[in-house]
Amino acid sequence: MTSPTASTPPTPKGTGTLVDNGAARHSRMLGVGAYRPARVVMNSEIVDKIDSSDEWIRERSGIISRHFAADDESVIDMAEHASRQALEHAGISPDQIGFVLVATVTHPYQTPAAAPELAARLGSTAPAIDISAACAGYCYGVAMASDMVKGGSADYVLVVGVEKLSDFTDPYDRGSAFIFGDGAGACVIGPSATPGIGPTVWGSDGVQRDAISQKQAWTEVRESWKDAQADKAVWPNIGMAGQTVFRWAVWGMAPVAQQAIDRAGIKADDLDAFIPHQANIRIIDAMVKQLKLPADIPVARDIVTTANTSAASIPLATTRMLAEGEAPSGGLALQIGFGAGLVYAAQVVVLP
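The sequence shown begins at 1 in our numbering and counts up one residue at a time.
Restricting the straight-line Cα-Cα distance to at most 27 Å, the calculated cross-link-like pairs of lysine-lysine (DSS-like) are: (1) 292 x 267; (2) 13 x 150; (3) 289 x 13; (4) 292 x 13; (5) 267 x 289.
Now the in silico label distances, taken between C-beta atoms and shown as ranges: (6) 49 x 285: 22 to 30 Å; (7) 151 x 48: 51 to 59 Å; (8) 282 x 48: 21 to 29 Å.
Please keep in mind that the hints were generated in silico from the structure rather than gathered at the bench.
Quick reminder that beta carbons are idealized off the backbone N, C-alpha and C, glycines included.
Model the full assembly from the supplied sequences, consistent with the hints where possible.
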């Protein structure tokens with residue numbers, strides 16, 4: 001993958017400069033990559049099992065379609081595709097990778113993690129770990145990678161957000177069956193002469209852990225499986241209290257996004273793109289309104305054809321916006337992830 005371009009590529013506003021925090025060296029995003037599985041699943045394939053309609057799903061979430069991975073396609077397979085694109089875009093070879101961070105909650109093995117196998121696929125023996133921060137996982141990874149680069153513990157860090165949510169979605173759950181999709185996105189973070197990643201505003205609210213959670217612990221599944229092997233209900237699907245999450249995201253995340261703008265030392269007017277987690281089109285629109293973003297700032301709405309891909313949603317949307325010329329290379333983008341935990345993270349980045 002070469003650097004994403006358009007026939008008439010947009011140019012950055014250039015009115016804002018990220019604050020210099022006095023780090024020994026700075027960090028920035030050098031390349032991005034994305035992978036969407038081949039199978040496109042329209043709402044019409046979802047509605048019968050949840051007694052719903054295409055119109056209801058579109059009105060409630062903005063989603064028209066999503067991608068589902070093949071049965072034999074793993075999170076590591078998808079992560080590899082996105083990672084190779086990001087490395088090529090960044091001009092970095094696998095042997096230059098100093099650390100691999102994979103954000104995912106759908107790798108089906110408690111251990112080993114997905115990251116070491118991904119590193120091996122790429123031909124790297126770099127240290128590698130998984131991050132379990134759901135929809136905020138990618139932004140967590142960006143923050144950790146930035147600190148590694150600035151601190152000198154790694155020169156180049158590969159950050160991947162990847163999910164195969166189709167494996168952990170209850171197709172009969174009216175509240176969540178239509179929301180999720182599969183995919184992978186990645187970025188490479190490396191050293192920079194100037195600030196390229198602003199301070200991260202992040203945190204958690206574990207009191208609301210039940211708002212988005214796996215329905216059963218693996219230890220509970222072990223016992224119930226003995227008694228009900230044919231009962232589909234024993235599979236630990238992901239459930240969500242939709243209204244609770246909606247209220248938390250709408251009213252709680254806009255202030256976090258504003259803090260990220262403030263700590264970056266810029267104004268909302270300086271942004272060239274807003275790339276929030278693709279949870280729900282109504283949440284995105286409400287955040288734009290609360291942040292009072294100028295109308296000229298492009299806003300990622302990748303959810304329409306990709307649905308909610310959790311940790312993969314922000315890098316997927318970023319790659320598409322750059323490739324389609326919606327956001328400019330070198331421009332400032334505000335990204336924010338939020339989800340199960342409940343956890344969140346936001347930062348302003350210079351787009352590669």
